[in-house]
Structures are given as C-alpha cells and as structure tokens.
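J.: Each chain, written out:
There are 2 protein chains.
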Amino acid sequence: MIFKQLFETDSSTYTYLIADTDTGDAILIDPVLETVERDLQLLKDLNLSLNATLETHVHADHLTGARILKQKTGCKTAYPAMVQASCIDIGIREGSIFKVGNICINPLFTPGHTDHHHAFLIDSPIQKLLFTGDALLIEACGRTDFQSGNAEALYNSIHNKFFSLPGETLIYPGHDYEGRHVSSVAQEKARNPRLGGGKSKQQFIDIMNSLDLPYPRKIDFAVPGNLACGSCPDNVPEELKGSCPFHDQG
Amino acid sequence: MIFKQLFETDSSTYTYLIADTDTGDAILIDPVLETVERDLQLLKDLNLSLNATLETHVHADHLTGARILKQKTGCKTAYPAMVQASCIDIGIREGSIFKVGNICINPLFTPGHTDHHHAFLIDSPIQKLLFTGDALLIEACGRTDFQSGNAEALYNSIHNKFFSLPGETLIYPGHDYEGRHVSSVAQEKARNPRLGGGKSKQQFIDIMNSLDLPYPRKIDFAVPGNLACGSCPDNVPEELKGSCPFHDQG
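Chains as they are written, first to last, in the numbering used here: chain F, 1 to 250; chain Z, 1001 to 1250.
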C-alpha cells in the first residue's frame, strides 16, 4: 500500500493518496483544484491508475480537483450520497465499503460540520487510519455555523464514530493551519480543547456557539463550484482567481 | 500485528507492545518497573508470549521493568550493545535486525541523548513506524547534559537517521509530558522548536546549551538500577520508593 499526505497551502488542505501497490489502483481523498498537476505527476511517477476521487463533503474553503482529474484520467467522482449533482458518479454511504485494489475504505457518516459529511476508516495491519475530513481536526474541529452545520450532531459524530475507536487509531485531518500532520484518538481525547478531557455535549455546543468566526472568503463560489465537482463559477473575485487555475478549461 | 502504546504517569514514559498475531511473539520497548503488572496482564489478555524487552538506552528518569519481566516470563533482556552488564542477554546494534515473529525491527544508532542510544524502525505496509526513544520527542528532544550526552551528536542523529525518512514516517516518542501521542517526520521538521524550520546545527547546540534544566530527580538510583536491568539500589529516597515496587523481590 502507498500512502501519501499532500498539502495545499492556500486553504491548508490535506489531500491523501492511497494506492494498492499490487494492483496499481489509487484514490485521492479531497483533492484540491490548485494542486491537480502535482497529483497527476505523483500518480505518473508512482505508476498508479486513479480509480476515483473521494470527497468527505462539499467544501466551502477550496475547490475540489474532482472534475479536472476525471477529465484527465477518466476516474470516477465520489461524493456523499446525500449530495445530488449530475457530475457525481458514486454515492458514498456508511456501510458500503469502497475498494481500492484490495484495500477497504469504510465510510463513516459524521454530520455536524455539514449535514452530509463522511469520514473514511482503513484497517491497517497495525493501527486503524481515520481520515476525519473537517469533522475532527488536530486540537480543533470543523466549524458548525453554515451548510447545515450543527454542533450537537458534530459532538455525537466525534464521540460515537471516532472516540469509540482504539486509542492508537491515527487521525489524518482534512486541514491543519499550524503544521501538524497526524494525531491519534487517544491524543485528541486528551488534548482537543473543544472536546478533550471529557467535555460534555453542552460545553462543546457553548464553545462552538462562541467562536465568532469570520465569513469564509471562498464559500460563495466554492460551494456552488464543488456542487459541480470543482467547476469555477463566474463569481470568483479577482483576488481569489488563484483558486481556479483551470477556469478556461471549465 | 498488534501495536499498543502504553503510558506510565510518574515518568511520562511510553512503553510500546509489538506482537506478531500469527506467531504470538511479542516484545516490549522500554517497559517501566511500575507498570510491569499492567504489561503482564495485557500479554495474558492478548495471549502473547514475551520474547524480549528492548531498551532504547539506559534511562535516567525511571527504572526499566526488564529484570522483573525476565523473572516472570523468561524473556530476554536487550540493551544497546555498548552497554556492558551481566544481566543483559542481547546486544542491540544498528544493522542487526531484531525479529519478533515475522516483524523486523531495525535498530538505528542515534547517540546524543546518551552515547549508546538506539531508536527502532519498523516498516509497515503503509508508513514506517519510528520509535525515537529519548532522541527526538514531539516538539522537543532528549536533554544532552549528562550520561555522555552531546548536542552535536544528537543533531546529527536526528538529521541523518530520522529526518532522512519519508515525511509520513510516524514518530512514537519515549516520553511526552503534554498528552501528545504521535507525530511524523514532516511534522517535526516543520514544528519542532529546537530542530524544525531548518535550524542549523549551531542553533540547535545553542538552544540545548541554554536549557538550564534541573538535576534529574531519579538519576542517582535510576542509572545504576538500569545497569542492573531494573534492580532497585539501596539509595532510593523515601519519597521516590514508588519507583521500586518490586524492591523486596530484588
């Protein structure tokens, strides 16, 4: 198995490449439009065939590379099944295992950051690998104040789907803004300032309600753009055009 | 493969259990005397046979459980080969792979915290697992002001043996004092305040020389005790007797 943790600097997004070395099959979790060329080069360098792109959710902070990667490689686009859009090939659902070669990826329905968010769990021979998307971040979590976000739902998702896993389970988040790459269930249970140390549901809800976060700078074009699998809408402000490197091909 | 990350609270030491599920063979890296009963119970619960205890170095902050575990299970004691003591069964050397069932453990000679320190590297099908002992800690490193410690040697060890590994390589440290459990080579390269961001050797040496750390509270009995594989010397102060739960059986 090949595992690569890739980073896009403008939105601080982690993209994950997972591939079966025996079969050459690969997927990308949460690819970003800006870094599609990097991802294509990596697939080429490693002699891998991209089966699909998997989205944890409809992102509000960057455009997905799903559409362009499909154009360039013929891969499938996979989104949580609750998201309805004509560009989507595969609906992700908890209970439906997604196979990449002989690797099994288990989707976990984890609403709260958005109402359709899914995380992905892989059982390795050593520890479990949990791709938490924007539900749980290292010492943080996704915000719950737009896109049908809900703090109580997020608390339940994190406790029921993540914190019930063995302490050694590795946490690979969808973003990090401070150079952190990996955590574990035990570490987040101990240290996460919003959830750790046994914080109650009400404490978590109060923390989330008091965050007073700025309006997301890309949301107005990112959400409609991602509902079109990473198409660049016309309303991208001039100063954010860097998020749309493939606009002319759109 | 079974992998468990275990914690001893008084010295904030991580002990690692690694076992081959096919053969039932197990090792413990850096077991602690206080938590021997926990480790024995875990081995029993998981139906594992303890082949050996592996020390990354002669610890100055806790007593190893090696001697008692050998008494209770018949396992071998393994220390870096530079350490000479009659209680030691196996000398650990870089280049000599240590096998646990079918799992290969690669010792890496990493002097600097002590002159004989070794880390352990396991190649998993996904990422490499690096047990850094006290050479590299999460956002910190072992001190270099006693037991033939040397800041320049530690800098070289970390750069040549650890930072040359793939960014995804997981770092499992010998201690953590703030509830952190796991990091990666990429994360420490980015964030470690003593080494990260491309700090020079001289910058690192200056940082280590300016730490002004207190005298280690257990060193006077821990070092001679660990040279006897975790025997309790007579000079254990009354307030630290908790570090010697097996004194009467010594």
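These are computed hints drawn from the structure, not numbers from a lab.
Possibly wrong hints are sitting among the right ones.
Said to hold, decoys possible - Within a straight-line C-alpha distance of at most 30 Å, the following computed DSSO-like cross-link-like pairs (lysine-lysine) qualify: (1) Z:Lys-1161 with F:Lys-199; (2) Z:Lys-1044 with F:Lys-4; (3) F:Lys-128 with Z:Lys-1201; (4) F:Lys-189 with Z:Lys-1099; (5) Z:Lys-1099 with F:Lys-161; (6) Z:Lys-1004 with F:Lys-99; (7) Z:Lys-1218 with F:Lys-128; (8) Z:Lys-1199 with Z:Lys-1099; (9) Z:Lys-1004 with F:Lys-72; (10) F:Lys-128 with Z:Lys-1241; (11) F:Lys-44 with Z:Lys-1004; (12) F:Lys-4 with Z:Lys-1161; (13) Z:Lys-1128 with F:Lys-189; (14) F:Lys-4 with Z:Lys-1128; (15) Z:Lys-1199 with F:Lys-128; (16) Z:Lys-1044 with F:Lys-44; (17) Z:Lys-1189 with F:Lys-4; (18) Z:Lys-1189 with F:Lys-99; (19) Z:Lys-1099 with F:Lys-4; (20) Z:Lys-1161 with F:Lys-161; (21) F:Lys-241 with F:Lys-199.
J.: Now, for every hint given, state plainly whether the structure supports it.
T.: Consistency of the hints with the structure:
1. Z:Lys-1161 with F:Lys-199: 40 Å, violated
2. Z:Lys-1044 with F:Lys-4: Between Lys-1044 (chain Z) and Lys-4 (chain F) the Cα gap is close to 36 Å, so the pair fails against 30 Å, i.e. violated.
3. F:Lys-128 with Z:Lys-1201: With Cα atoms ~37 Å apart, Lys-128 (chain F) and Lys-1201 (chain Z) exceed 30 Å; violated.
4. F:Lys-189 with Z:Lys-1099: 33 Å, violated
5. Z:Lys-1099 with F:Lys-161: 35 Å, violated
6. Z:Lys-1004 with F:Lys-99: The given pair, whose Cα atoms are some 27 Å apart, holds under the 30 Å limit.
7. Z:Lys-1218 with F:Lys-128: Measuring from Cα to Cα gives roughly 37 Å; hence the hint is violated.
8. Z:Lys-1199 with Z:Lys-1099: 36 Å, violated
9. Z:Lys-1004 with F:Lys-72: Between Lys-1004 (chain Z) and Lys-72 (chain F) the Cα gap is close to 42 Å, so the pair fails against 30 Å, i.e. violated.
10. F:Lys-128 with Z:Lys-1241: 38 Å, violated
11. F:Lys-44 with Z:Lys-1004: Violated, because 36 Å separates the two Cα atoms, which is more than 30 Å.
12. F:Lys-4 with Z:Lys-1161: 20 Å, holds
13. Z:Lys-1128 with F:Lys-189: 24 Å, holds
14. F:Lys-4 with Z:Lys-1128: 12 Å, holds
15. Z:Lys-1199 with F:Lys-128: 33 Å, violated
16. Z:Lys-1044 with F:Lys-44: Not OK: Lys-1044 (chain Z) and Lys-44 (chain F) at ~48 Å, beyond 30 Å, violated.
17. Z:Lys-1189 with F:Lys-4: 16 Å, holds
18. Z:Lys-1189 with F:Lys-99: Violated - the C-alpha atoms of Lys-99 (chain F) and Lys-1189 (chain Z) are around 33 Å apart, more than 30 Å.
19. Z:Lys-1099 with F:Lys-4: Distance ~27 Å between Lys-1099 (chain Z) and Lys-4 (chain F) Cα, so the pair holds.
20. Z:Lys-1161 with F:Lys-161: 37 Å, violated
21. F:Lys-241 with F:Lys-199: 41 Å, violated
Hints 1, 2, 3, 4, 5, 7, 8, 9, 10, 11, 15, 16, 18, 20, 21 from the list above are not met by this structure, while the remaining hints are.
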